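Below are the chains, spelled out letter by letter.
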Amino acid sequence: MKKRNRLQLDEQGRLKHFLTIEGLNRQLLIDILDTAESLTSISEQSIKKVPLLRGKTIVNLFFEASTRTRTTFELAAKRLSADVLNINIQASATAKGETLLDTLRNLEAMHCDMFVVRHADSGAAHFIAQHAAPHISVINAGDGQHAHPTQAMLDMFTIRREKGEFHRLTVAIVGDIRHSRVARSQIHALSMLGVEDIRIIAPKTLIPTEPDAFGVHVFHDLREGLRDVDVVIMLRLQKERMRGASLPSEHEYFQRYGLTEAKLELAKPDVTVMHPGPINRGVEIDSEVADGPRSVILQQVSHGIAVRMAIMAMAMQQRPPETAEGERR
Amino acid sequence: MKKRNRLQLDEQGRLKHFLTIEGLNRQLLIDILDTAESLTSISEQSIKKVPLLRGKTIVNLFFEASTRTRTTFELAAKRLSADVLNINIQASATAKGETLLDTLRNLEAMHCDMFVVRHADSGAAHFIAQHAAPHISVINAGDGQHAHPTQAMLDMFTIRREKGEFHRLTVAIVGDIRHSRVARSQIHALSMLGVEDIRIIAPKTLIPTEPDAFGVHVFHDLREGLRDVDVVIMLRLQKERMRGASLPSEHEYFQRYGLTEAKLELAKPDVTVMHPGPINRGVEIDSEVADGPRSVILQQVSHGIAVRMAIMAMAMQQRPPETAEGERR
Amino acid sequence: MKKRNRLQLDEQGRLKHFLTIEGLNRQLLIDILDTAESLTSISEQSIKKVPLLRGKTIVNLFFEASTRTRTTFELAAKRLSADVLNINIQASATAKGETLLDTLRNLEAMHCDMFVVRHADSGAAHFIAQHAAPHISVINAGDGQHAHPTQAMLDMFTIRREKGEFHRLTVAIVGDIRHSRVARSQIHALSMLGVEDIRIIAPKTLIPTEPDAFGVHVFHDLREGLRDVDVVIMLRLQKERMRGASLPSEHEYFQRYGLTEAKLELAKPDVTVMHPGPINRGVEIDSEVADGPRSVILQQVSHGIAVRMAIMAMAMQQRPPETAEGERR
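Residue numbers (the numbering used here), protein chains in the order written: chain A, 4 to 332; chain B, 4 to 332; chain C, 4 to 332.
Isolated chain A (complex conformation):
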């Protein structure tokens, strides 16, 4: 934990790399949310640009294809006025036998400033941050089943916008918790921000092996777990896993764990429904719920731009002036 902390923060305790929620502290998460708040208006105004990262070079280093995540980071970077390079590493020099570290050394030598890393292996962004030159910031855009911390932060931003605070909330995460980097990062962030009742709801085969380590309450029955929750976060069902033995049929999954309006009645009347997307309609969530008044799924996408702008700007030690002037919410 300590070591990770030292890797992510500089000597003054400011954000340097953003790899995982673990090892960060409550105040830093609040700072990210506040900075994102001050940047939200950028994407809503007519000229969607601030010069915070003008002349900086940000590399989208994607070892795993993802149009959606790549797009949000590219947009966030462009709205900060940075130059963006998209590198699909499968098609690049590593195919010619160059090692990953040699690829990094080369991008550093080109005076790139930031690597946004997506990789199928847990720990990849961490490994890259450990080996990067001192002037480089690394942002984890999803590594294996380990972490997806920018997704977790945009979820926290959405919850704060909806509920105003964290302490008195009950938040349930539903779906394949065991294999989900999103869930792992969400649980750490919710816990750090003071949510007292965090629930995970899933069939036994999709619960992490040591759920107690996360300090969460485990439910196998969706109806039971939804009782009186303030926020329910549905996870995307990776259909690939359906083919393994670990899951019932898609239809049966929907019967037991799919979120419908009827089941949602058990939650608080002002319950907020979230999903990291892309959604599988009729598998983990009914269209009526996804498109209904309690869903903030599209707001999550909007907030994703502001939160990623905030994290990128902070990692480069460039804060928007309003934040510096203490205009925080």
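To be clear, the hints were calculated from the coordinates, so they are not data collected in a lab.
No incorrect hints appear here.
Treat identical chains as interchangeable: a pair holds within one or across any two.
Distance condition first, Cα-Cα at most 25 Å in a straight line; then the derived SDA-like pairs of lysine to any residue:
{"id": "1", "residue 1": "K52", "residue 2": "A136"}
{"id": "2", "residue 1": "K52", "residue 2": "P324"}
{"id": "3", "residue 1": "K52", "residue 2": "N89"}
{"id": "4", "residue 1": "K52", "residue 2": "Q321"}
{"id": "5", "residue 1": "K242", "residue 2": "V276"}
Keep in mind it's a predicted model, so treat the numbers as computed, not measured.
We have chain A already, so just place chains B and C on it with the hints.
Here is chains B and C on its own, set in the frame of chain A:
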């Protein structure tokens, strides 16, 4: 017609989406040509940039690959100072099972401003415009066999540049009219701008089923149809269709419908030769004609940038200052 | 030679296209190095941008995939504030049967300003420059086994930075000289800049058929060739060739021609080790040498940005103000 009109124009009758020539009006087409005229000089000056769309995000949403069309829209957008996102939708989230509408909702939530849509299905751009959020403009960059209106407008721009006006012209379109979205949009635009003698020249199998609906004169003999024309527009022969029964051999096609200098003698002496490109040399057009003094094929490409800049700026309600000041031709 | 000269230089002897070192002159190479020197600081400062090519459109026209080379040109162009279009020509209109020249004509008509060309055929960039419109500059980013002149110039820049001058140096190039466009361009540049002792070291099968034409000293024994050299440039071993009869096994190649610390003892004590990358560790170069204190392999990558910025700016007749003011080194 009325409905389409309402979709493409806002309440003040200004351009909102650009999906098809049908349902627009003569004055709006003239406005586009005038605006393009005032933007032509941008691409010719040393610094090829105007800040009309600075801070806007334009998404090239291509469901069908097309380097050439994508490139012209990307250049036009960049010269208007917009940020451009290229999304190849085959490789994106729809492959993960996300529906088209969910993809749209997500791009809207990211505060994108404009979708430039290319799709193999007729009506796709129209469908997207119908379902897009109010702040989004949709530009049709070619949908199935239905329409390719920016191509038609650059052709009109080229004709006006060459001939000065439309009323007294005879314009012939030669080739696979039946399956051509380009021809369909050209016929509507020529007619709306007042061209009285519009001819289509093709073998019977390539004539639309109801040519009368278009108010055109039908010819099956190229020599006959070319007599005294002011403008001849050759269409690209889709070689894929050759393999079907509907066409003779490539050689025979050239004999009967290929444009040569000899056949061109039948047209007016100052005839203008056009082609949307890319050309099949020796199939629908002889190299001598394509590269000859009456060909304006490359000028069409140049004009394509200015016309697309004009349409994008107008759809975003951003007109170049010169136009606003009434400096129209 | 004369003809090539006329193609690469304009009537005032200024750079127009950059295709090959042959036919250029010593002063021009020095000018490139001096301009690159004045641009080096750009990539090191906080805002890595100069407006030298603002509003210009640069097309990366890659007929052969290369993430690394494409990336360096894209970064160089963006740091000069140009707009960049990446065109993968395999996937473009030529696949629809459009000829190369028609593709060029179209890009010219779009008012593009510069083509950066990579092609598997020797002479491709030359052919394109011969047929390009007068306002276009062509930069050769590697053509077949012919030339890779920007790589050679960044190598010259690195040597001058390390050694201060060229005249008294002994420079050895090691590896597959016969098939290497990099080696060919390096030999011409070294010779033009006054290096008197140029050595090539390779097995007989990898020596050019007429080495005397290059005015170099040929060695087949690495130890012998390395004796008292100031600079050693290792070439990448194209593993594809290993499968042919022309090369021994990878292991045997390393035994005979791989650069190790032990062999490097034979060179001058302050010898500089270079490699165009990407390196094959343990094939042509030992990791201890590649990562050691005498290696400048990563500096070469950094210098590659500045040198490419210089060449692009000069070909567009846009020099940085410092250079114009005579602040040359």
